[in-house]
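Chain by chain, the residues run as shown.
There are 2 protein chains.
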Amino acid sequence: MAEPVRPDAVRVDSEALRAYVTAVLESHDIPGDHAALTADALVTADLYGIDSHGVARLGFYVHKITHDLINRHPQPHIVEEHQAGCLIDGDNGLGPVASQMAMDWCIERAGESAIACATVRRSNHYGIAGFYALQAVEHGMLGLSMTNATCLVTPTYGARSMFGTNPIAFAAPAGHERPYLFDAATSTVSFGKIQLALADQRPITKGWSVDSEGVDTEDAVAALQGSLLPLGSTRALGSHKGYGLAVMVDVLCAVLSGANYGPHCLSLTSEFDQVADVGHFFAAFRVDAFRPLAEFEATMDDMIRDLRASPKAPGQDRVWIPGEPEFEEQERRARDGIPLTPDVYTMLETMAADRDLADELGALRPA
Amino acid sequence: MAEPVRPDAVRVDSEALRAYVTAVLESHDIPGDHAALTADALVTADLYGIDSHGVARLGFYVHKITHDLINRHPQPHIVEEHQAGCLIDGDNGLGPVASQMAMDWCIERAGESAIACATVRRSNHYGIAGFYALQAVEHGMLGLSMTNATCLVTPTYGARSMFGTNPIAFAAPAGHERPYLFDAATSTVSFGKIQLALADQRPITKGWSVDSEGVDTEDAVAALQGSLLPLGSTRALGSHKGYGLAVMVDVLCAVLSGANYGPHCLSLTSEFDQVADVGHFFAAFRVDAFRPLAEFEATMDDMIRDLRASPKAPGQDRVWIPGEPEFEEQERRARDGIPLTPDVYTMLETMAADRDLADELGALRPA
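If you read the sequences in order, they're chains A and B.
For the first sequence, the working numbering assigns the number 1 to the initial residue and increments by one for each residue that follows.
For the second sequence, the working numbering assigns the number 1 to the initial residue and increments by one for each residue that follows.
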């Protein structure tokens, strides 16, 4: 769920933000369609309330572009192609470019073959995993999306980061209900939660992290120097499961594609002087290849309503359906604007000065 | 990892156990090939040290067969078939029968199309998920296997079981190393762990379970009357992720196939008077459709060795690779015999008396 909105947040219109991010990327010689797609991926994260994966990342993207660590004019291409599976080389372009190509390929081929998947190498940070998985839903399909990521998580019993937060997203259409959208890191929490605790000078929750010696810590500074824990937190509570899922994501995204795996994956937030070679994995499943879509959707509605109506634990008034927090935040923020933190807004102002985009910035905050 | 072996355990040879279980099932008019396959699935779980899914379950299987809740002579059949995906109807036979047919189909079709998947309805308890996923490895493929299961787990913030422990298994070939084998429930622990604590009159670990009101409990009796928690245990530690993964498994296994989903899934251990209509999902990915198998396997070896060699937390001497505990236990038990608990051995003795299998039982414990 979205973090509480800070009182000093700067609210901007989501469409204006999309246009501004596109303009910034274009000013760095990114082709218009690549810029618009990347802006869409980032602003969608902001609309969902996943601020850590939204426009806050634009500075990293621009850094990588201006240091020639991301190819401005990539030609992503299919290296291996079979009836229901392909390998795509992202040509070191912005992550969304190769990712969109891969998801489009999966959707087209699942139309013919019932299911199709694509693994992608030589890519970069792709935004939120759910952005791609959800696209399958419009075609009456289930969507799956995974990426490996900067090495930040320790295996169970370990004391060193050996793989990333490696998220998995899965989306399915419903009938009258909103789509099912699961999108989560395979670590206990994202790195952003630790950074947020540090900024607010709060301790972190026990079970999120270990220090650089592999010892449990509630200190955000020690956690930043240490590692996140896999989902499950401790062996007794199942951290070997989060660990095993994270490595599965690395196998599908990186070992299968030839991208950098685990400790070699640099993604975005670390190692600013190297090409990332991130790997992704996508799949689409055409529902009516298995069962009539209307039947499937009606059953999804039933299941969602069963979950929502189920008894609540003391003090709780709601059992949430995966995706609901994001979709409800999206409605709020599309209406009320996206609350950017002052440092993110300042970053956008600096970019405007830098790239001569005063008019475009002005459109973000109409008088 | 396997539970410690009880001092009163009865050690039996794994091959003899396989033959005995086959004989018991055949004595109940199960065809020889179905009986042998089911015995293989159960004894493999025992060899891996996953006793809760091994021959201990034979009593439930026999109960269901003798009460005509499982079809002795099923004709599992393909209902929908496309190039890379199919729907199989298990005809209410023993779970391994339709599951093996589905995994075989996936492996054959992945050979042609790079990837293939099958969803299965009207099936029954299928043993351990990893039994099927691992079969892909012998063909130079990645394997995926999931099943829904008896409703035992509450969603985050809930107070009622709404889905099963819904396991996910994923297997990948390595070169010189053993295959990667991830196989885990999407709940914190299996139901068997609670039953074991109850039998030993031990409290359970905080974070495993809630009571029937949805309140955290360390009491095994209250837990048995309540629900297991999803992987993550609490919202703060990510239980919404375990919950979201469990529902994903239900979507792929049951909503997509038309099997009983979530609260309607009876599987094996509850509701002895109804047909289960369990759903499964399988997939296979042919590695060399994406990357030369030798390259893939060499990278798997590197990743596995990196993980194994990574620094350890204080007091730990080993970072385990998923699958290692099972494979090492398999070697030990194939050599030393499978340690059956006295109640499981007594169950086998009773079956021998019942079905006139004294000679077959005798082969289990040669003089």
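Note that these hints are calculated values from the structure, not bench results.
There could be a bad hint or two in this list.
Copies of the same chain look alike in the list, so a pair counts if it works inside one copy or between any two.
[To be verified] In silico lysine to any residue, SDA-like type, Cα no more than 25 Å apart, as pairs: (1) 206 with 192; (2) 312 with 40; (3) 206 with 313; (4) 206 with 301.
Cross-check of the supplied hints:
1. Only within a single protomer do residue 206 and residue 192 lie at most 25 Å apart by alpha-carbon distance; the minimum there is 16 Å, versus 27 Å between protomers.
2. Neither within a single protomer nor between protomers do residue 312 and residue 40 lie at most 25 Å apart by alpha-carbon distance, with minima of 36 Å and 42 Å respectively.
3. Taking identical chains as interchangeable, the C-alpha atoms of residue 206 and residue 313 lie at most 25 Å apart whether they share a chain (22 Å) or sit on different chains (16 Å).
4. In the homo-oligomer, the alpha carbons of residue 206 and residue 301 never lie at most 25 Å apart, since the shortest distance is 37 Å inside one protomer and 33 Å across protomers.
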